[in-house]
Every structure is written in structure tokens, then in C-alpha cells.
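Enquirer: Position chain H against the provided structure of chain C, taking the given hints into account.
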Amino acid sequence: MQNRLFQRHVTEAAIASEQEIRTGLSQYLARLWRYGLMLSHHRDTADDLVQATCLRALERAGQFASGTRLDHWLFSILHSIWLNEVRSRRVREGQGFVEADEALTFDGAAKTETHILAIQVMNHVHALPEAQRSAVFLCYVEGLSYREVSEVMQIPIGTVMSRLAAARARIAEVTGPKPVGFSSREKVK
Amino acid sequence: MTMRPTDEMLTAYLDGELGPEERAALEATVAADHGASTRLEFLSHGNLAYAEAFVPMLDEAPREKLEAMLKALPSPQIVPANGSPAQSTSRIGRRGLIAAAIGCLVVGVVADRAFIALQSSLTQDDEDAALRAEVAEYLALYTADSLLHASTDASEREAQLQFAGQRLGLALDPFAMNLGDLQMRRTQLLEYDGKPLGQILYLDPAHGPVALCIIAASSGAKPMQRERRSGLNLIYWASESHSFVMAARNPMEDLKARADEIRDQLTDRNQA
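As given, the protein sequences belong to chains C and H, one line each in that order. FYI, the numbering for the first sequence is 3 to 191, going by my numbering. FYI, the numbering for the second sequence is 17 to 288, going by my numbering.
The following block holds chain C by itself, in its conformation from the complex (with noise of 0.2 angstroms):
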């Protein structure tokens, strides 16, 4: 029956909303392929992760609460498309991940030191686990709070937390002079 429900529901301000979802989204287009990029590490599969975005928050639109911030909203509609739906069916067809040099090709662009700088520090961010992957990108890169990024990645404060602090550990130890004392790796090979 939800069909025909989907149907009686369409008010007009769901339709203005829909309007207004499509120049966001067109705004925000190229933000969002690099969050899937982020994820995916995939050319293609970042494409594929905007256009389901899209379709889906067209889909959505009513849902959207004018006021509050659309892109944010955008990010957490493509983060759980690609958590619910791509990642897992490309885990199980056994396609892998590629490693992040293999797809990002921006080496041939290093002609000066801040790109040569800003490829380490892409470098080191796409060398951490998916999980403070993205809680790095989205408040580091995207610069959202703490709270920002745990509703978007529907995941507790406490997670984000914890994720950054694991992020921040790691990427000192390969940038910064190596830590006294008590280093959480000294211990496990």
C-alpha cells in the first residue's frame, strides 16, 4: 500500500522542496564526489555514489528540514548508501579495495612543494581505516563538529571521539618525532 501513499503525500511543499534540494545538490556536486572518493577510493564507484545521492534525496526531499544544513544532510544520505548498500555488495563480489596511490593519480600534478605536501597529507589520511577515515575527512577536511560528524555518520559522540583520537595517534607516529613513553603500540606487533 505504501505506493499509493507515496502518492496522496506529495504536498506542495514538498515539491518546492524538491527544487530546492536540485540547486543544492548541484552546488554541492563535487563535495560529495570527493566524499565518495574518500570512501570508495574509486573512481567510479564515487560517480555512482553521488547519483544514488541524488536520486535519493530528490526521493527525500520532504524529509529535509529547511533551515538546517543541507550539505550535512547530503553527506549523511551518501554515507549510508555507501555503508548500507555499496560497500557491503562490493566486499561480498570480492572486488577489494585498491590502495589509495592506485587511485588517486595526483603525483603527475606535483610540480610544486605545497602540492607535494598536500599529497602527504592526503597520503597519510587514505592510509587509516575506513572508520577514522571518514570522521577525519568530514571534521578535518569538511571542518564539521564533533556532533556534526556523529549525525552523519549516525554513530555516538563517544565513536567519533575515539576514531579521531586513534586517527591523530597514527598519523603522529608516522609524522612526528617518535613518542616517550607510553606509545598504545610499543606492546602489539
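Hint data in this document are derived by calculation from the structure and do not stem from the laboratory. The structure presented is a predicted model; accordingly, all values stated were derived computationally and were not measured. Heads up, the beta-carbon is just placed ideally off N, CA and C, and yes, glycines get one too. Fair warning: there could be bad hints in the mix.
If you want the footprint, here are the derived chain H segments under chain C, 3+ residues with CB under 8 angstroms [unchecked claim]:
hint	segment
1	26-39
2	56-70
3	78-84
Expert: Positioned in the frame of chain C, the structure of chain H alone reads:
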């Protein structure tokens, strides 16, 4: 305050996420505790120019292609605000079925039922896999050190197990959950998809943390299966009422033997 601040607290401090009082308390601790200040300094090396570094990736986006794709998307049937929330559905399956349902309104009820049945079968496997991915990723963050100071006190362990058991609707006790040379370190309740998720953590002296995760599930009993995720070995199975995932760095055969042990014990204890 004698507790050394956790990495989480120090990170939240560096990220400007602490309130004024927490910040002041942490600054006082760091000032008084050399270990904490060293750790803070260490973690601050994770401050990199992230936002700037990722700008070039925006230029890599195939903007024109994506714009064209967006333009080509038809106005969909809008899901009402009070409609069913973010159910993960297969796009193709769902669209195909909506079209089918519109095409034969006479058999609408049948089509709707098929739609619902297909929807649940399509998503169940994905959801199970997503849970295992979460479990593996979460455990991948643990090292032996994470559990080093967790209590091994027998009464506390029993209380934790009992509490988790109540929430999960499953009889859990230290004897059933005993895994020989593996030391049970902590039982905690997490939440997954709005449902309580029990996690029992063991420490294997040879291989590090071992996690057994339990969640209520009604998709029927399933035999044991194995897979690798996030560098860990996983064994998973389901009873009529619960799903189980065991994850560790232990060799697969070793893990399987331990999973067998737990499954048999739980079956014995949870027979009606």
C-alpha cells in the same frame, strides 16, 4: 584529578571541542603531569593542513558529467516526511517494483507484498555485512593495551554479563562464556541500528583482543561462516533469535574452535 587524560580528551582539546570548564581542568592536568603534556605534544603532530590538502581533489570531480546526470534525473515520487525513514533499499529493485505496481494496479496488493518481501531479502544480507564491517573496524582499533587495565574481577565480569544478557534476551554467564586460556576482560553494551549490541572482549596473550558480538536477530539460524575484514579473522553465525560475530587476529582455525565452544555452551543454556 589524578587520572591521566585519555587520547580522546586530548584530541577533543586540540580540536577545540571541550567546554570552558573541561578545558581548564585539562590544562591544569597537563601542566602538572609531564606524561600528559608529552602525549598532548605527540598528538598535536596530527595537526596537518587537511582542508588545504584536499582542495585539489575537488578539481578532480567530473563536474560536467555529474551535472548532466543530475539534470537527467526525473522528479521522483517523493517519500513523505512522515513516511518510512531511511530504509536502505536496492535502487533498481525498488524502482522496478514501483513501476510494476503502477502497471498493474489491480494486483496492487500482491505487488506490494512482493515488494516488501523482496526489499527485506535484498537488504538483510547487506545489513548483516555492514554490521560485521563495523565490528571488525571497531575491533581493529583495539590493541592488547586497550584491555590491559580492564578489570578481571570475577563478580564484576558476572554483573556485566548478566546486564548484557538481560538487554539481549539471552542467558549469559561466566561459565558459558569461558574460553579457557583467553581472559575475559570486559562486557559492554553498544548500540547498532537502534538495537542493543553486546560485546564481550577477551584478551588472548598470544594474539591480542578477541571480541564476541551478539545482537538480537530474527532472520533464522545460519551456519558458521568465515571471512576476513580490516585485517581480522571473523566467524559469524546466527541462532533463531540472535546473530553472533567473533573477530580477532587469531588464526581462523583457532577462532573457529572457540566459536564452536561458545555456540554449544549458549545453545545448552538457552534451550526453552
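Enquirer: Evaluate each hint against the coordinates.
Expert: Taking the hints in turn, this is what the structure says about them:
1. 26-39: holds (count 6)
2. 56-70: holds (count 12)
3. 78-84: With 5 residues close enough to chain C, the hint holds.
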